[in-house]
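Going line by line, the protein sequences match chains A and B.
Numbering-wise (this note's numbering), the first sequence opens with residue 1 and increments by one.
Numbering-wise (this note's numbering), the second sequence opens with residue 1001 and increments by one.
It is worth saying that the hints were derived from the structure and are not from the lab.
Please note: incorrect hints may appear among the correct ones.
[What the hints assert, rightly or not] To give a feel for the contact side, a few chain A residues facing chain B, derived at Cβ under 8 Å: (1) R279; (2) E339; (3) T342; (4) K345.
[What the hints assert, rightly or not] Quick partial rundown of chain A residues pointing at chain B, CB under 7 Å, derived from the structure: (5) G3; (6) Y11; (7) G62; (8) I346.
[Said to hold, decoys possible] To list a few chain A residues with every Cβ distance to chain B over 12 Å, as calculated: (9) A64; (10) Y119; (11) V151; (12) T153; (13) A182; (14) V196; (15) H250; (16) G257; (17) F280; (18) M330; (19) E341; (20) A348; (21) S352; (22) G383.
Cβ coordinates follow ideal geometry from the N, Cα and C atoms, glycine included.
If you want the building blocks of each chain, they are given just below.
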Amino acid sequence: MSGPLYLAWRYLARHPIKTAILVASIALIAFLPAGLDSLVDQSAARLTARADSTPLLVGAKGSALDLVLSGLYFESDPPTPVSWSALERVAESGLAEPIPLHLGFRARGHPIVGTSLEYFDFRGLSVAAGRLMAMLGECVVGAGVARELGVSTGDSLLSSPESVFDLAGVYPLRMRVAGILAPSYGPDDRAVFVDVKTAWVIAGLGHGHQDLRSPEAEAAVLSREGERVVANAAVVEYNEITEQNAASFHFHGDRSGHPLSAVIAVPRDEKARVLLMGRFEGGDETVQVVRPAGVMDELLDTVLTVRSYVVAAMRSVAVATLATAALVFMLSLRLRQREVETLVKIGAARGSIAVLLASEVVFVLAAAALVASVLTLAVRHFGDAAIRALLLT
Amino acid sequence: MSAAVAPEPTIQIQELRFRYRGGEFALSIPELRVEPRERVAVIGPSGSGKTTLLHLVAGIALPDAGRIRTAGADVESLDDGARRAFRVRRVGLVFQEFELLDYLSVLENVLIPYRMHPALRLDGEVRERAHDLAAQVGIADKLSRLPGALSHGERQRVAVCRALVTHPDVVLADEPTGNLDPANRDRVLDILLDCVSKTQATLLTVTHDRSVLARFDRVLDFAALQAGGPSTP
Chain A
1 MSGPLYLAWR
11 YLARHPIKTA
21 ILVASIALIA
31 FLPAGLDSLV
41 DQSAARLTAR
51 ADSTPLLVGA
61 KGSALDLVLS
71 GLYFESDPPT
81 PVSWSALERV
91 AESGLAEPIP
101 LHLGFRARGH
111 PIVGTSLEYF
121 DFRGLSVAAG
131 RLMAMLGECV
141 VGAGVARELG
151 VSTGDSLLSS
161 PESVFDLAGV
171 YPLRMRVAGI
181 LAPSYGPDDR
191 AVFVDVKTAW
201 VIAGLGHGHQ
211 DLRSPEAEAA
221 VLSREGERVV
231 ANAAVVEYNE
241 ITEQNAASFH
251 FHGDRSGHPL
261 SAVIAVPRDE
271 KARVLLMGRF
281 EGGDETVQVV
291 RPAGVMDELL
301 DTVLTVRSYV
311 VAAMRSVAVA
321 TLATAALVFM
331 LSLRLRQREV
341 ETLVKIGAAR
351 GSIAVLLASE
361 VVFVLAAAAL
371 VASVLTLAVR
381 HFGDAAIRAL
391 LLT
Chain B
1001 MSAAVAPEPT
1011 IQIQELRFRY
1021 RGGEFALSIP
1031 ELRVEPRERV
1041 AVIGPSGSGK
1051 TTLLHLVAGI
1061 ALPDAGRIRT
1071 AGADVESLDD
1081 GARRAFRVRR
1091 VGLVFQEFEL
1101 LDYLSVLENV
1111 LIPYRMHPAL
1121 RLDGEVRERA
1131 HDLAAQVGIA
1141 DKLSRLPGAL
1151 SHGERQRVAV
1161 CRALVTHPDV
1171 VLADEPTGNL
1181 DPANRDRVLD
1191 ILLDCVSKTQ
1201 ATLLTVTHDR
1211 SVLARFDRVL
1221 DFAALQAGGP
1231 STP
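Given these sequences and hints, build the entire structure.
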């Protein structure tokens, strides 16, 4: 190392705290805009990837954003329900394959998603342990749920009571964990999946109770009129569906009126997609068909606008920080005026003194650039993994 | 038979005039000669211009008029770069306040001239000379220390080493004992005079401390010097 460079290095090494603060502040202010850009891009890509892979979403008319956030990401309150007949309309059109979604209930804080087995194929979800739900009352949990709750196949999960003090309300259902999904690093990791009929049981639309025709249930019979049997309050209702009592579970009312939160429609092709959207566009139509990618693009436009403001603010802070750093250097120079005068008196070359002072700035900037680059590279390399970990937890 | 040619004086000043820019202070020295290997002290009150005289001799400041010849070079005729090169090679400077760089070790301070001018090359021989000088002045065991860990006397000894490490023709010392207690004053002066003798350099010291004057070959009264008067033997 040449003389002035060596002296510059020694000066910085002798003042490690001042040097470290300068390097850290310049590095941070250089890294933050780039790092934020990178993280937002990766998060946006992850968000839009799920929307892009969901061609159409059918739901009740209202906020398309709420429908998408709820139907795709299981966030926000469930939208106004549509009836099963909406799914039947999609199926009968022959234009798309419908996949039901029933949302609204939770199990230990995680959303319970009532759906069909087609959902797992559609999302490319695979089972890491056990199997998919095969009978009423079974559930399959996402990898994040399994990790957080510490459940494994064969364990039970209780749906959260919706209204503890409502005696006539919905009672919790104990669900047997049939399988655990492999991590997908998306909202599915945090969900509990059940068959849509199981969701209806939780909703109170279906139930199972002791057979009132059996002699053991005589105490629970209020009256008998031919085939019509009226039970009293003593009748035993099941809060768990087992192989023994599964047959006793039944649904009242017309199935086409049973509620769904949304229906994923997977059109055969682009033409079918356009035709299907057209079929739900009537003025008196109570159902809407939305393209999730379009809805998310609108949302991200807003997010990206906010990001541009944040980045602009950061750049202003960066300018202020650099100005402060320049001030620190200038003040340092003033404090070292006597040292410079001594060097001049001794006969130090003008260039050597300039190199000495400039190389201190260069060393600090280079170190800051190095730290900022490492941080930016780390975000680019590990940002996606960090987002995945965040999503998994 | 031709007469022997007298050696050229190491420092020669003729009709020197100097005025600080924008200032009232003016310095005027009709003549000054310091012979090779001579050890001269200039005595005078503080603020009389003694330090300015050293700056002019070293080429740190330039005269408004007159001639200054130091170690065979017409200092006032050299450009800034040449003056710096001349100074770093031919002149050693010792300051009252030592002027050591607090972030460098003792050895690194001694070697500063070699690090701050491309005309000088730092090699093993120079390092050896620095170690030898340090041993002569009694700081050989403190070469890796920082100046802050040294006493005033030790710091001035480091400054003496720094002034002598380049083997200068002239050593200019500005109140070298001004900041030292009597014991350290005598010790540092012994070292300075001894080292200058060994390197056969010429020494010009300015001081206001009359107690050290007896140690020099010649003493110049600064007021008399400006008036063109005689030196004090």
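Right, here's what the structure says about each hint:
1. Interface hint at R279 (chain A): violated, since its Cβ lies 80 Å from the closest Cβ of chain B, which is beyond the 8 Å cut-off.
2. Interface restraint check for E339 (chain A): the shortest CB-CB distance to chain B comes to about 6 Å, inside 8 Å, so the restraint holds.
3. The beta carbon of T342 (chain A) is positioned within 8 Å of a beta carbon in chain B (closest approach about 4 Å), and the interface hint is therefore held.
4. The interface hint given for K345 (chain A) is met, as the beta carbon of that residue sits about 5 Å from the closest beta carbon of chain B, less than 8 Å.
5. Hint on G3 (chain A) holds. Least Cβ distance to chain B is approximately 3 Å, under the 7 Å limit.
6. Restraint check, Y11 (chain A) versus chain B: the minimum CB separation of about 5 Å is within 7 Å; hint holds.
7. With a cut of 7 Å, the hint placing G62 (chain A) at the interface with chain B is violated, because the nearest CB-to-CB distance is about 70 Å.
8. Interface restraint check for I346 (chain A): the shortest CB-CB distance to chain B comes to about 6 Å, inside 7 Å, so the restraint holds.
9. Taking the minimum C-beta to C-beta distance to chain B, about 65 Å, the non-interface status of A64 (chain A) holds against the 12 Å cut.
10. Even its closest Cβ contact with chain B, about 68 Å, leaves Y119 (chain A) beyond 12 Å, as expected for a residue assigned away from the interface.
11. With a closest Cβ-Cβ approach of about 62 Å to chain B, V151 (chain A) is found to remain outside the 12 Å limit, as its non-interface label requires.
12. Taking the minimum C-beta to C-beta distance to chain B, about 66 Å, the non-interface status of T153 (chain A) holds against the 12 Å cut.
13. The Cβ of A182 (chain A) lies farther than 12 Å from every Cβ of chain B, with a closest approach of about 58 Å, so its non-interface assignment holds.
14. Separation of V196 (chain A) from chain B is adequate, the least Cβ-Cβ distance of about 74 Å exceeding the 12 Å criterion.
15. In this structure H250 (chain A) is separated from chain B by more than 12 Å, as the shortest Cβ-Cβ distance comes to about 87 Å.
16. Listed as a non-interface residue, G257 (chain A) keeps its Cβ farther than 12 Å from every Cβ of chain B; the least gap is roughly 84 Å.
17. Look at F280 (chain A): its CB is around 77 Å from the nearest CB on chain B, clear of 12 Å, so calling it non-interface holds up.
18. Even its closest Cβ contact with chain B, about 19 Å, leaves M330 (chain A) beyond 12 Å, as expected for a residue assigned away from the interface.
19. Not every C-beta of chain B lies more than 12 Å from that of E341 (chain A), the closest at about 8 Å, which undercuts listing it as non-interface.
20. For A348 (chain A), the requirement that its beta carbon stay farther than 12 Å from each beta carbon of chain B is not met, with the minimum near 4 Å.
21. Non-interface call for S352 (chain A) relative to chain B: violated, since the shortest CB-CB distance, roughly 5 Å, does not exceed 12 Å.
22. Here G383 (chain A) stays apart from chain B, with its beta-carbon at least about 40 Å from theirs, past the 12 Å limit.
Violated hints for the displayed structure, listed by number in ascending order: 1, 7, 19, 20, 21.
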